[in-house]
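Trainee: Following the hints, complete the assembly by docking chain B onto the known chain A.
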Amino acid sequence: MMELLQTLEQTGQNLLGPLWLPLWTLIKIVVIVAPIMGSVAYLTLAERKILGFMQVRPGPNRVGYWGLLQPLADGIKLLLKEIIIPSSANKFLFVAAPVLALMPALAAWAVVPFGDGMELANVNAGLLYILAMTSLGVYGIIIAGWASNSKYAFLGALRSAAQIISYELAMGFALVCVLLAAQSMNLGDIVRGQSHGYGLLGWYFIPLFPMFVVYFIAGVAETNRAPFDLAEDEATIVAGFHTEYSGMGFALFFLAEYANMILIAALSSVMFLGGWLPPINIAPFNMIPGLFWMLGKMSFMLFLFLWFRATFPRYRYDQLMRLGWKVFIPLTLVWLVVVAAWMQTPLWLW
Amino acid sequence: MISFETIVFYLLAALSVFAAVRVITARNPVHAALFLVLAFCGMAGIWLLLEAEFLAMTLILVYVGAVMVLFLFVVMMLDIDLVQLREGFWRWFPFGVALAAVMVFEMVWVLGNNRTAETGTALVKHDADYSNVKELGRLIYTDYVFPFELAAVLLLIAIVAAIALTLRRRKDSKTQNVAQQVAVKRADRIRIVKVPAEKRGE
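Keeping their order, the protein sequence lines are chains A and B.
Going by the numbering used here, 238 is the number at position 238 of the first sequence; the sequence numbering is gapless.
Going by the numbering used here, 16 is the number at position 16 of the second sequence; the sequence numbering is gapless.
Think of the hints as simulated: they come from the structure by calculation, not from any bench.
Using N, Cα and C, we set each Cβ at its ideal position, and we do this for glycine too.
Careful: at least some of the hints might be erroneous.
Simulated restraints on C-beta separations [claimed, not checked]:
hint, chain 1, residue 1, chain 2, residue 2, range
1, A, 283, B, 151, 32 to 38 Å
2, A, 280, B, 110, 38 to 44 Å
3, A, 7, B, 145, 31 to 37 Å
4, A, 37, B, 110, 19 to 25 Å
5, B, 111, A, 280, 37 to 43 Å
6, A, 283, B, 143, 37 to 43 Å
Here are the simulated lysine-lysine pairs, DSS-like style, with alpha carbons at most 30 Å apart [to be verified]:
hint, chain 1, residue 1, chain 2, residue 2
7, B, 174, A, 151
8, B, 174, A, 326
9, A, 151, A, 49
10, B, 125, A, 28
11, A, 326, B, 125
12, A, 326, B, 185
13, A, 49, A, 77
14, B, 185, B, 199
Same shape as in the complex, but just chain B:
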């Protein structure tokens, strides 16, 4: 008898794999990006099954809700020529295969190794009131505080670099001084003129 959770797992896994395959096979880049969103949703479901609700929600919140929206934003505005894209496909094919092989080897090596990832042990079930978020926070800010801060600094560098690369001041930009606009008074803008009344027809 297969348990309900197993069925859900296989459904979500099938969905994720299907979506992931479609990400690279879809012709239209917008469709590919939307399939990536679907793959993220499938993975979030699998993480929920693993009781990693914080990670699952964050995946949806950050990747689906923000990163992919910006991705779509850019992809939708691109005018992509498919013929040009497919040029040189076979020339780069061996390189791509080699890269994929390295990635697969790395993942198998890390995930299938007892030192880096616990395998073969059953999932520890927790009560409904167990807060995974609290535990995660505690670990991040005590045991793993240095790696965590290091990651934060890395992200900060990425932000600063991205801004430094894209920030260009234009001399002719017509920005408004908002403080000045807000501080404006009635007397600065209007002048009340007394106009003497006239009789009609004069």
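Bound-form chain A, shown alone:
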């Protein structure tokens, strides 16, 4: 497999010269983005099926065997629907907002390693890049809320802005703990830093367990998922920031939300669950390609997202703010000091 790729790269280099690099990068982008889009489509089906089973009902089962064609049907429906732009909306920003929501959700994938060396860009400041990109996602929501010129959309956007800012701090501090432990901001090196010891025990979720929990919950809040989906709280503000969107505009917000979920799942696997490393580093387990372990861990984290949604009632807004500012931020700050001190002692085994 690796030799095949190398010969391919060599032939391409010989044939096209300087044009090869952009073309090869483009191919790699397609190879990353196309499966993400496919996963988004089938994640919606998985969500509806799992929610269905948890609520003792079958979930979608009419379109295709076991409802397997449901995502396609939904996609076609959204594509063919009329796009309605409210007459008093700011047209340019109204159309640009869904694009701005999806763009950072996809751009962040550039540095995510799927296996040893399997990444689009090996960036030294990868962790910073991820933080920067995920912090941009809020613009799509704010601009959508403002450009719609509707009070429900606007309230949703304000809620979302305040929520994302609050949880980003906790998320950032949790990641600082990871970079402290790994002594690197390169995502590949962070995974390699977890390869000491016997598989599972070397992963950072053990010394950084509180940070793992904080990171994942903050991730749920950042992606506006239940129980933190105050930005689209249908009980009080219709559909929040995307009240006025229909057809493809709505679909793009949907895609962005699910792409962000998958991203958070991938990042928590990379930073706390050893990325592509096998859980037990002996014969039958370490012969399975790393990509499968990575995808397995991502699937587990995604299942947690769905499980949360089926289990917890929606937070009240003041509870949400309290959790972010009064629980998570002090906790992460304390753990940062604990990890920094712990690393100076011989008791640090990672």
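Mentor: Here is chain B on its own, set in the frame of chain A:
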């Protein structure tokens, strides 16, 4: 032959200048704030070209991702009367021009001076594995530790001042005691009553 980097530089520079001009000419304050975001993005790109990836990412993370979001948050909620805003424009115009002139003079003086900013020397290229973040951290916490801590103290004072200015306790606020809520037991809230079964129709 212009190198690829030069082309990228001019594109980003043009974008930044355009966005910066639009920040002050845009009529709608929300548009102005969004153009400021665009200007920050352009500058982050230029800093990336200078291999200052830490600064570029931090610019995006802090200014675009947090500061400007709060800015937009406030600006969007304002009900701005443009006529009222434009009142007295010409009265304050000379003052603004004077301030701008001072700023331009300062920047030219600092950046064009060999003592304060190295000019004329070529950019030092580093290998791909060179970590700019590590070097920056080392410098901040060794050579420049006092200025750095001083800046931190200044920020702390700003935080304390901002909180002291805005914190007002209302007597009628209905805050909940969360510890009390969490500690609540089943017996505190419900009482099981035995209701004897009745026959229908009695």
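Trainee: If a hint holds in the structure, say so; if it doesn't, say that too.
Mentor: Status of the hints after comparison with the structure:
1. Between residue 283(A) and residue 151(B) the beta carbons are some 55 Å apart, a value that contradicts the proposed interval 32 to 38 Å.
2. A beta carbon spacing of about 59 Å between residue 280(A) and residue 110(B) contradicts the range 38 to 44 Å that was offered as a hint.
3. Between residue 7(A) and residue 145(B) the beta carbon distance is about 53 Å. The supplied range of 31 to 37 Å is therefore violated.
4. Between residue 37(A) and residue 110(B) the Cβ separation comes to about 49 Å, which falls outside the hinted range of 19 to 25 Å.
5. Judged by the Cβ atoms, the range 37 to 43 Å given for residue 111(B) and residue 280(A) is violated: they are separated by roughly 58 Å.
6. Checking the proposed 37 to 43 Å range against residue 283(A) and residue 143(B) shows it is violated: the Cβ atoms sit about 52 Å from each other.
7. Distance hint between residue 174(B) and residue 151(A) is fulfilled; the C-alpha atoms sit about 26 Å from each other, no more than 30 Å.
8. The straight-line distance between the Cα atoms of residue 174(B) and residue 326(A) is roughly 18 Å, inside the 30 Å bound, and the hint therefore holds.
9. For the suggested pair residue 151(A) and residue 49(A), the alpha carbons sit about 34 Å apart, so the restraint of at most 30 Å is broken.
10. Annotation: proposed proximity of residue 125(B) to residue 28(A) holds, straight-line Cα distance about 27 Å (limit 30 Å).
11. Only pairs whose Cα atoms come within 30 Å are accepted, and residue 326(A) paired with residue 125(B) is rejected, the gap being roughly 45 Å.
12. In summary, the hint linking residue 326(A) to residue 185(B) is supported, as the alpha carbons are separated by about 23 Å, within the 30 Å threshold.
13. Among the hinted pairs, residue 49(A) with residue 77(A) is consistent with the structure: their alpha-carbon atoms are about 20 Å apart, no more than 30 Å.
14. For the suggested pair residue 185(B) and residue 199(B), the alpha carbons sit about 35 Å apart, so the restraint of at most 30 Å is broken.
This entry does not satisfy hints 1, 2, 3, 4, 5, 6, 9, 11 and 14, going by the numbered hints stated previously.
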